[in-house]
Amino acid sequence: AQTVTQSQPEMSVQEAETVTLSCTYDTSESDYYLFWYKQPPSRQMILVIRQEAYKQQNATENRFSVNFQKAAKSFSLKISDSQLGDAAMYFCAFLAPSGYSTLTFGKGTMLLVSP
Amino acid sequence: GAGVSQSPSNKVTEKGKDVELRCDPISGHTALYWYRQSLGQGLEFLIYFQGNSAPDKSGLPSDRFSAERTGGSVSTLTIQRTQQEDSAVYLCASRQGSGQGPHPHFGPGTRLTVT
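Respectively, the protein sequence lines represent chains W and V. Start counting the first sequence at 1; every next residue gets the next number (this note's numbering). Start counting the second sequence at 116; every next residue gets the next number (this note's numbering).
Bear in mind the hints are in silico, worked out from the structure with no lab data behind them. Where a beta carbon is used, it is the ideal one built from N, C-alpha and C, also for glycine. Some hints could be false.
[Unchecked claim] Per the computed footprint, the stretches of chain W lying under chain V, defined by three or more beta-carbons under 8 Å from a beta-carbon of chain V, are:
1. 34-45
2. 65-71
[As the list claims (entries may be wrong)] If you want the ones that stay clear, here's a sample from chain W, every Cβ over 10 Å from chain V, calculated:
3. Gln14
4. Gly85
5. Thr102
6. Thr104
[Unchecked claim] Pairs of lysine-lysine residues, derived as DSBU-like cross-links and limited to a Cα-Cα distance of at most 35 Å, are as follows:
7. W:Lys70 x W:Lys55
8. W:Lys78 x W:Lys55
9. W:Lys107 x W:Lys70
10. V:Lys126 x V:Lys172
11. W:Lys70 x V:Lys130
12. W:Lys73 x V:Lys172
13. W:Lys107 x W:Lys78
14. V:Lys172 x V:Lys132
15. W:Lys107 x W:Lys55
16. V:Lys172 x W:Lys70
17. W:Lys70 x V:Lys132
18. W:Lys73 x W:Lys107
19. V:Lys130 x W:Lys55
20. W:Lys73 x V:Lys126
21. V:Lys126 x W:Lys55
22. W:Lys73 x W:Lys55
23. V:Lys130 x V:Lys172
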């Protein structure tokens, strides 16, 4: 079974600054997907970024980028030029696409953004 | 195109009553997940459907919980004899299926309050 660990229950950042959210996972799979989801107070889960394990290049989406370290089983999210709208709960998630696979989430990190 | 929809968006029920929560996945998505999110908590896996395979029910917390997926599309989560601890947001997600496929797409959730 896979496990996903987010060790930071809460993080704070000031507008325009950079923040990194941590995520580690444990799996015996070699092929899998990793995701970061954002959940604002509206409770709608929004995909922020995805990474395929076979790709060595780190994924980037505008101000969001990841540091994917497959050997260390680490998948951190960096948010650059933070904005007030980035304030939300962020969840790291693991999906093994081979066969019959559930989607495993970490417990989440609450990101607070101050002006 | 249309996203994942869930109904009702909010449900208030009395302790001991049965409730049904509905999820309409994205057309063509063969995989469907149900999660429960208690206030301020992470996502607790409930059940996973993949095509015509037997569902993974390993996350259902008790025999009061059941789910079905008719015709490989719409899914209904039923909670019998509701208890106050069942109060939570119930989230549904769908994705294209096993193997290569995009990320799971989430619905807006149903907030269940048991009084």
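Here is how each hint holds up against the structure:
1. Coverage of the segment 34-45 of chain W by chain V holds. Counting CB-CB distances below 8 Å, 6 residues qualify, and the rule asks for three or more.
2. Check on the segment 65-71 of chain W: 0 of its residues sit with their Cβ under 8 Å from a Cβ of chain V, so the three-residue criterion for coverage is violated.
3. Residue-level check passed: Gln14 of chain W sits 24 Å from the nearest beta carbon of chain V, beyond 10 Å.
4. In this structure Gly85 of chain W is separated from chain V by more than 10 Å, as the shortest Cβ-Cβ distance comes to about 18 Å.
5. For Thr102 of chain W, the shortest C-beta to C-beta distance to chain V comes to about 5 Å, within the 10 Å cut-off, and the non-interface label is violated.
6. With a minimum CB-CB distance of about 7 Å to chain V, Thr104 of chain W fails to clear the 10 Å threshold, and the non-interface call is violated.
7. In summary, the hint linking Lys70 of chain W to Lys55 of chain W is supported, as the alpha carbons are separated by about 10 Å, within the 35 Å threshold.
8. With a C-alpha separation of about 18 Å, the suggested pair Lys78 of chain W and Lys55 of chain W falls inside the 35 Å cut-off, and the hint holds.
9. Proximity of Lys107 of chain W to Lys70 of chain W is assessed by CA-CA distance (about 21 Å); at most 35 Å being required, the pair is judged to hold.
10. A distance of roughly 23 Å separates the Cα atoms of Lys126 of chain V and Lys172 of chain V; the hinted pair therefore holds under the 35 Å criterion.
11. At roughly 47 Å between alpha-carbon atoms, Lys70 of chain W and Lys130 of chain V are farther apart than 35 Å, so this suggested pair is violated.
12. Proximity of Lys73 of chain W to Lys172 of chain V is assessed by CA-CA distance (about 28 Å); at most 35 Å being required, the pair is judged to hold.
13. A hinted pair counts as satisfied when its Cα atoms are at most 35 Å apart, and Lys107 of chain W with Lys78 of chain W qualifies at roughly 18 Å.
14. Taking the CA atoms of Lys172 of chain V and Lys132 of chain V, the gap is near 22 Å; set against the 35 Å cutoff, the hint holds.
15. Under the criterion of a C-alpha separation no larger than 35 Å, the hint pairing Lys107 of chain W with Lys55 of chain W is consistent with the structure, at around 26 Å.
16. Distance hint between Lys172 of chain V and Lys70 of chain W is fulfilled; the C-alpha atoms sit about 30 Å from each other, no more than 35 Å.
17. Proposed proximity of Lys70 of chain W and Lys132 of chain V is contradicted: the alpha carbons are some 48 Å apart, above 35 Å.
18. A hinted pair counts as satisfied when its Cα atoms are at most 35 Å apart, and Lys73 of chain W with Lys107 of chain W qualifies at roughly 17 Å.
19. A distance of roughly 50 Å separates the Cα atoms of Lys130 of chain V and Lys55 of chain W; the hinted pair therefore is violated under the 35 Å criterion.
20. Distance hint between Lys73 of chain W and Lys126 of chain V is unfulfilled; the C-alpha atoms sit about 40 Å from each other, more than 35 Å.
21. About 43 Å separates the Cα atoms of Lys126 of chain V and Lys55 of chain W, which puts this hinted pair outside 35 Å; it is violated.
22. Pair hint Lys73 of chain W plus Lys55 of chain W holds up; C-alpha atoms about 14 Å apart against a cutoff of 35 Å.
23. Between Lys130 of chain V and Lys172 of chain V the CA atoms are separated by roughly 24 Å; this keeps the pair inside 35 Å, and the hint holds.
The structure does not agree with the numbered hints 2, 5, 6, 11, 17, 19, 20 and 21 stated previously, though it agrees with the rest.
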